[in-house]
Amino acid sequence: MLPDLATVIRSKNAGPFELTFDILFSDPYDYQRVVRSGQLSAERFASLYGIALDDVLSVIEFEPALAIKITIKRTRSSGALGESDVYGAQQHAPLLQLDIP
Amino acid sequence: MTQISILSPTAILGYGFPEASFREGLSRRPSAIAVDAGSTDPGPYYLGAGQSFTNRDAVKRDLVPMIKAGLDLSIPVLIGTAGGSGAAAHLCWCLDIVQDVLLDLNRSARVASIVADQSAEEIMRALADGRISPLGPVKPLTEKDINDSNCIVAQMGAEPVISALNQGADIIVAGRCYDPAVFAAVPIRAGYPEALALHMGKILECAAIAAEPGSGADCMLGTLDHEGFVLEALNPDRRCTVTSVAAHTLYEKADPRYLPGPGGVLDLTSCRFEQIDQRRVRITGTELLPSERYTVKLEGAKPTGFRTITIAGIRAPDLISQLDQVLEEVREQVFQNFESIDEADVSVIFRCYGRDAVMGKLEPLRHLTPHEIGLVIEVVAATQALADTICSFARSTLLHLGYPGRLSTAGNLAFPYSPSDISHGVVYEFSLYHLMTVDDPVSLFPVTVDLMGVSE
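Protein sequence lines correspond, in order, to chains F and R. Sequential numbering from 0 applies to the first sequence in numbering that gives the first Met the number 0. Sequential numbering from 0 applies to the second sequence in numbering that gives the first Met the number 0.
The reader is advised that the hints may include incorrect statements.
Unchecked claim - So the derived label-pair ranges between C-beta atoms look like this:
id, chain 1, residue 1, chain 2, residue 2, range
1, F, 28, R, 55, 47 to 55 Å
2, R, 15, F, 81, 31 to 39 Å
3, F, 62, R, 331, 50 to 58 Å
4, F, 81, R, 166, 45 to 53 Å
5, R, 119, F, 81, 24 to 32 Å
6, F, 27, R, 50, 44 to 52 Å
7, R, 22, F, 37, 47 to 55 Å
As the list claims (entries may be wrong) - Here are the simulated BS3-like cross-link-like pairs (lysine-lysine), alpha carbons at most 27 Å apart as the crow flies:
id, chain 1, residue 1, chain 2, residue 2
8, R, 143, R, 296
9, F, 72, R, 59
10, R, 138, R, 252
11, R, 252, F, 72
12, F, 72, R, 143
13, F, 72, R, 296
14, R, 360, F, 72
Please keep in mind that the hints were generated in silico from the structure rather than gathered at the bench. Glycine included, every Cβ here is placed at the ideal spot set by N, Cα and C.
Based on the provided sequences and hints, a complete structural model is requested.
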């Protein structure tokens, strides 16, 4: 499971219109294992969150920080009518269930 | 080697910092004390309503030692995105606190204020000239968005801040700012490389958040030379590591390799993060890719109605098992009783905490049946009176609504409060989040310098 390998799994606004997820590792082997698993591809992420593939704006593997970063389009702009998480800081839970082969 | 140090006391002005860390920072003879005071994170309300998301007394607490040190050491104190959102109302709020601090210290100072507000006419002209484009997944700007907005600000770069320094300001209170600008202005003015100065500012603006353990309420020092810069946490209990600094470059942004700002994009692809000792990290190799035309980010907020909410708990399993049908019936009864009201003009939202209120449509576990629900009934309408009325009616309807198999016939809701309903005031929405190309990075942001504090 992803939480067994990653040291940080978090979500946060990247500006009021985007939501960004950071998965950070402390061990380069764990980082590489998750990268190679393909479980954090745009397709996989879209299906995990039940969103359109077009709404996954980028998946970036950033080795200097042993980090994988996924940015998606927010359901609505931060704080707009119907908002449930103004800072976007509690949208990471589905990643906690992600199986890494 | 020639170098210059900038002291960043705290991640957001008003979040506080330990005195010992600040004193340690001053002992390194910094050339400026700079702080970021703003963020869009708390949502559109603060920009729209002209309110700060930080507390006045907390901001004053931070400013007293900063301003005293700045004046004693004859180094500038720079505040970016004053008042949280950096519009005129926020600027006035912050200037008033600065005046208060100066009077308490029995000092006077040359205080620069830099206005970031943009008039609707100016933005209309830019729109007509084709100088405005969406930033990220944002709809193209319309004249209606501009007219509906009650406040529009542009993010200044370092140039207007440098102009304020050139006018001899001791204290600079800047409106909406590119976060690194107030940290980079002094080094850029002194001839240090812009790319490195901005990158250093990008990390310093969050102060010790980039350290380990991280904190938004502790000091950080950045020391810049012509080849790179060194970051140091000033509290001996924290240290900067390659991991903590590299991880911070991810924070709150979509792409850690390219960081766009006014005038250009910081390119971090050739950056080297080097652990020079137990507690310090050196960064080299940052480049600045200048944009073809200078662009500034616009932010605007518009009012969309008035909100009233009620909070209540539900513990009845028979009700929780058919909650959606019951809530739908409440909604229908509300609009049947107020037939003259158009459903399109009033939003009734039921938030079911314990089920899917945090993630909404993104919640994968919505099918699980909780034993308890925290319900928020929210109504947004064109007037506060109407929102109050509809919320009250929805609350009383749900409280006594019958449903199949109901055992608990005395009431469906557990209220924690009396009164149960809360009038929440104006609701705002971000109406602008666009880029605007400009010819002159300074003239959009008028600088005024005044002598403030005790009269001499």
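Cross-check of the supplied hints:
no.: 1; hint: F:28 to R:55: 47 to 55 Å; verdict: holds, 50 Å
no.: 2; hint: R:15 to F:81: 31 to 39 Å; verdict: holds, 34 Å
no.: 3; hint: F:62 to R:331: 50 to 58 Å; verdict: holds, 55 Å
no.: 4; hint: F:81 to R:166: 45 to 53 Å; verdict: holds, 46 Å
no.: 5; hint: R:119 to F:81: 24 to 32 Å; verdict: holds, 27 Å
no.: 6; hint: F:27 to R:50: 44 to 52 Å; verdict: holds, 46 Å
no.: 7; hint: R:22 to F:37: 47 to 55 Å; verdict: holds, 51 Å
no.: 8; hint: R:143 to R:296; verdict: holds, 19 Å
no.: 9; hint: F:72 to R:59; verdict: violated, 37 Å
no.: 10; hint: R:138 to R:252; verdict: holds, 20 Å
no.: 11; hint: R:252 to F:72; verdict: holds, 13 Å
no.: 12; hint: F:72 to R:143; verdict: holds, 23 Å
no.: 13; hint: F:72 to R:296; verdict: holds, 19 Å
no.: 14; hint: R:360 to F:72; verdict: holds, 13 Å
The structure fails to meet hint 9 from the earlier list, while all remaining hints are met.
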